[in-house]
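Asks: Here the protein sequences line up with chains A and B, keeping their order.
Per the numbering used here, the first sequence starts with residue 1, numbered consecutively.
Per the numbering used here, the second sequence starts with residue 1001, numbered consecutively.
What the hints contain is simulated information worked out from the structure, not anything from laboratory work.
One or more hints might be untrue.
As the list claims (entries may be wrong) - Straight-line alpha carbon distances no greater than 27 Å define the calculated DSS-like cross-link-like pairs of lysine-lysine that follow:
hint : chain 1 : residue 1 : chain 2 : residue 2
1    : A       : Lys336    : A       : Lys299
2    : A       : Lys197    : A       : Lys340
3    : A       : Lys462    : A       : Lys517
4    : A       : Lys197    : A       : Lys181
5    : A       : Lys190    : B       : Lys1062
6    : A       : Lys197    : A       : Lys299
7    : A       : Lys339    : A       : Lys373
8    : A       : Lys383    : A       : Lys535
9    : A       : Lys499    : A       : Lys517
10   : A       : Lys340    : A       : Lys383
11   : A       : Lys336    : A       : Lys383
12   : B       : Lys1062   : A       : Lys299
13   : B       : Lys1090   : A       : Lys67
14   : A       : Lys198    : A       : Lys336
15   : A       : Lys312    : A       : Lys190
16   : A       : Lys198    : B       : Lys1062
17   : B       : Lys1090   : B       : Lys1062
18   : B       : Lys1062   : A       : Lys293
19   : B       : Lys1090   : A       : Lys197
20   : A       : Lys410    : A       : Lys373
21   : A       : Lys181    : B       : Lys1072
22   : B       : Lys1062   : A       : Lys181
23   : A       : Lys67     : A       : Lys198
24   : A       : Lys67     : A       : Lys410
25   : A       : Lys517    : A       : Lys535
26   : A       : Lys568    : A       : Lys293
27   : A       : Lys352    : A       : Lys299
28   : A       : Lys373    : A       : Lys506
29   : B       : Lys1072   : A       : Lys190
30   : A       : Lys312    : B       : Lys1072
31   : A       : Lys181    : A       : Lys20
32   : B       : Lys1062   : A       : Lys312
33   : A       : Lys190    : A       : Lys340
Just so we're clear, the structure is a prediction, and the values are computed from it rather than from any experiment.
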Amino acid sequence: MELLSGAEMVVRALRDQGVKYIYGYPGGALLHLYDAIFQQDEVEHILVRHEQAATHMADAYARATGKAGVALVTSGPGATNAVTGIATAYMDSIPMVVITGQVMSHLIGEDAFQETDMIGISRPIVKHSFSIQRPEEIPEVIRKAFHIAESGRPGPVVVDIPKDMTTPTDRFQYEFPADVKLRSYNPVTKGHSGQIKKAFDMLMSAKRPVIYTGGGVIMGDASAELIELAQALNFPVTNTLMGLGGYPGTDRQFIGMLGMHGSYEANMAMHHSDLILAVGARFDDRVTNATEKFCPTAKIIHIDVDPASISKTIRADVPIVGAAKLVLEDMIQLLKGTKKSVDQAALASWWKQIDEWRERHGGRFLTDSELMKPQQVIEMLSKVTNGDAYVCSDVGQHQMFAAQYYKFNKPNRWINSGGLGTMGFGLPAAMGVKLNFPDADVACVTGEGSIQMNIQELSTCKQYDMPVKIICLNNQSLGMVRQWQDMNYESRHSQSYMKSLPDFVKLVESYGHVGIKVDKYSDLEAAMIEAFSLKDRLVFMDIAVDPHEHVYPMQVPRGTMRDMWLSKTERT
Amino acid sequence: MRHIISVLLENEPGALSRVVGLFSQRNFNIETLTVAPTDDDTLSRLTVTTVGDDRVVEQITKQLNKLIDVVKVVDLTEGEHIERELMMIKFKASGAYRAEVKRTADIFRGQIIDITPNTYTVQLVGSSAKLDAFIDALGTTNVIEVVRSGVSGIARGEKVLSL
């Protein structure tokens, strides 16, 4: 058997795990490891310009593929810079393995140079973490890290490696374990058949049902099963922000996103429903509005792989612990084997009601001003890319507009920081996707605020030739903050205005990329077609949009699902 | 309602901090906490007493179960169980008060484990309520120091918490 150093074992174990790219930034504690990376060419390292970007690249790869991405950062500041990215992945249940360098074991606890207690700092934002105690355990720990990150409810795992665990002269027998078993970790995937039967009977007798699905359908690879079940039942489907693409956005049965900025028809349907089938969604506060007023007439079936998500904020009448894919499959089998049918008359009148709601307020915005509306830009993006692009969003109004107006027909194409709401996520996320899907259209939908939080990565894009398309909705203000200030603080725009924006076109040109400025809607289509036709170039579209626009609908705080502002002057 | 939650935990570095961290992170309350290795030296047994309604306690047990280092969790208060806590309590004791401490300790089946001319140290084992009652019986005026171990618990009958 071959003898490898700890550093070589890390790289070899990543290779044996099937990792193609790792995203990282070197430093003192990682020098042995970087030397081992240099001496092989099976695992390619992408050098970012800030560790946060490395974590978002790894995260976005995971969101697009379902497999854990890998980030590599040094001890101390390298590790702390990765914290935002780890928290982002944790909040959205994204599998990721973050390898952090650590000072030599004998220095731990002595406030050594670039020492930080990364296991401690990351503890509340990881699914699990490991600190390497002996070099021999490296292959097994890495195998376990991937297993934990990717199974059950996915999440980030930190592996902290003291420098002396990677010493080149200390060599050990290397063997990559084929399988790992943890006696304390066996996530349930198969749902309880009795509970599924009970839920199925409720589905069959529902009169005003809604299927409400979240990120669990995307990361749980359950989109096909969801489509099959929903279409066989002819039930309306709404997706959470994390669940978009789980059900085709252009299908008649899709009633839009729900929640704070959900569609009128989705929020109305939820409020008036008599049965909610929740799949891989967690009744987050951005969905439910006031929990005590949530959907007063609805019974709730809740399918989730994480038992702790069930009945956490909203009590489930029928809890089903299991993987979305397997539970939905079981429901499809029950449906195929039953002679019962749903109440067609009730369902027809439910659809009539939903269509009326859709007719009244569905996906509408005013185009009365001279200025371009951000919604128009997203609609154009959807048109130019045929609803087929990977859309990697930053955080703010543009994110909500992208969620509302881009028609996602496939899962894993909408890449955004839903739970943590991390500004600066979009560009590195787009890079992570583009690198792994070089032939796909990859757009970063951003604003002039968010893009500046990781704009240094334009340099990484140049180095590795990552021709993403940056769609910057430039409203010269922190739009979502400004909207809340308009609505709740009598338009006192405290610190939400950006007075010193760079000339983005010149800025990206200085990095060797292409910049296009668009001021008029009439120029938008041609400019966007041009941007996407430049297959080999990163294009930054600096698009001037109406700074006064708000995102609507918007739920009225502490109200029910159906209490919404529909425009600046209209509410339900 | 007060709950006694017993946890079997991998005897790994950092495992305890994950449990303690979970309670503060999720805003759960800890009244007492004890932890020690078991007969199987790869496992620790941890006992937490907490106060919360059913919804909170359900979340506590579910979130504990989610920790990778947690092998098993049981809410002992859901069934018949025995709880014990150890207290060592030091009194300023002179004159007639010495006899009163001794008499009360006897009634509570406590033992005097250390004596000086001016102090008595009493050891007492029982439920938390019994320890509270002992302090109430003697009053706090002459108490100099109290050390309590926190609660340990075990299910009655044949039920066991093991692998």
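Asks: Evaluate each hint against the coordinates.
Replies: Results of checking the hints against the structure:
With a CA separation close to 24 Å, the supplied pair Lys336 of chain A and Lys299 of chain A stays within the 27 Å bound. For a cut-off of 27 Å, the pair hint linking Lys197 of chain A to Lys340 of chain A stands: about 13 Å separates their Cα positions. Distance hint between Lys462 of chain A and Lys517 of chain A is fulfilled; the C-alpha atoms sit about 20 Å from each other, no more than 27 Å. Using a Cα cut-off of 27 Å, the hinted pair Lys197 of chain A and Lys181 of chain A is violated, with the two alpha carbons roughly 31 Å apart.
The hinted pair formed by Lys190 of chain A and Lys1062 of chain B meets the criterion: a straight-line CA distance of about 18 Å does not exceed 27 Å. About 15 Å separates the Cα atoms of Lys197 of chain A and Lys299 of chain A, which keeps this hinted pair within 27 Å; it holds. Taking the CA atoms of Lys339 of chain A and Lys373 of chain A, the gap is about 51 Å. The hint is violated against a cut of 27 Å. Distance check on the hinted pair: Lys383 of chain A and Lys535 of chain A sit about 18 Å apart at the alpha-carbon level, within 27 Å; holds.
At most 27 Å may separate the alpha-carbon atoms for a hinted pair to count; Lys499 of chain A and Lys517 of chain A meet this at roughly 18 Å. Distance restraint check for Lys340 of chain A and Lys383 of chain A: the Cα-Cα separation of roughly 42 Å exceeds the 27 Å cut-off, and the hinted pair is therefore not satisfied. Using a Cα cut-off of 27 Å, the hinted pair Lys336 of chain A and Lys383 of chain A is violated, with the two alpha carbons roughly 37 Å apart. For the given pair, Lys1062 of chain B sits about 23 Å from Lys299 of chain A by alpha-carbon distance, which is consistent with the 27 Å threshold.
Between Lys1090 of chain B and Lys67 of chain A, the direct Cα distance comes to roughly 60 Å. Violation of the 27 Å bound is thereby established for this hinted pair. Restraint check for Lys198 of chain A and Lys336 of chain A: the C-alpha separation of about 16 Å stays at or below 27 Å, so the hint holds. About 21 Å separates the Cα atoms of Lys312 of chain A and Lys190 of chain A, which keeps this hinted pair within 27 Å; it holds. Annotation: proposed proximity of Lys198 of chain A to Lys1062 of chain B holds, straight-line Cα distance about 23 Å (limit 27 Å).
Between Lys1090 of chain B and Lys1062 of chain B the alpha-carbon distance is near 40 Å, which puts this suggested pair outside the 27 Å criterion. Only pairs whose Cα atoms come within 27 Å are accepted, and Lys1062 of chain B paired with Lys293 of chain A is accepted, the gap being roughly 25 Å. Between the alpha carbons of Lys1090 of chain B and Lys197 of chain A the distance comes to roughly 62 Å, so the proposed pair goes past 27 Å and is violated. Among the hinted pairs, Lys410 of chain A with Lys373 of chain A is consistent with the structure: their alpha-carbon atoms are about 26 Å apart, no more than 27 Å.
A hinted pair counts as satisfied when its Cα atoms are at most 27 Å apart, and Lys181 of chain A with Lys1072 of chain B qualifies at roughly 16 Å. With a C-alpha separation of about 21 Å, the suggested pair Lys1062 of chain B and Lys181 of chain A falls inside the 27 Å cut-off, and the hint holds. Pair hint Lys67 of chain A plus Lys198 of chain A does not hold up; C-alpha atoms about 33 Å apart against a cutoff of 27 Å. A C-alpha spacing of about 17 Å is found between Lys67 of chain A and Lys410 of chain A, which places the hinted pair at or below 27 Å, so the restraint holds.
For the given pair, Lys517 of chain A sits about 18 Å from Lys535 of chain A by alpha-carbon distance, which is consistent with the 27 Å threshold. About 24 Å separates the Cα atoms of Lys568 of chain A and Lys293 of chain A, which keeps this hinted pair within 27 Å; it holds. With a C-alpha separation of about 21 Å, the suggested pair Lys352 of chain A and Lys299 of chain A falls inside the 27 Å cut-off, and the hint holds. Distance hint between Lys373 of chain A and Lys506 of chain A is fulfilled; the C-alpha atoms sit about 24 Å from each other, no more than 27 Å.
A hinted pair counts as satisfied when its Cα atoms are at most 27 Å apart, and Lys1072 of chain B with Lys190 of chain A qualifies at roughly 20 Å. Proximity of Lys312 of chain A to Lys1072 of chain B is assessed by CA-CA distance (about 20 Å); at most 27 Å being required, the pair is judged to hold. Between Lys181 of chain A and Lys20 of chain A the alpha-carbon distance is near 25 Å, which keeps this suggested pair within the 27 Å criterion. Note on Lys1062 of chain B and Lys312 of chain A: the hinted pairing holds, with a Cα-Cα distance of about 10 Å set against a maximum of 27 Å.
Distance check on the hinted pair: Lys190 of chain A and Lys340 of chain A sit about 24 Å apart at the alpha-carbon level, within 27 Å; holds.
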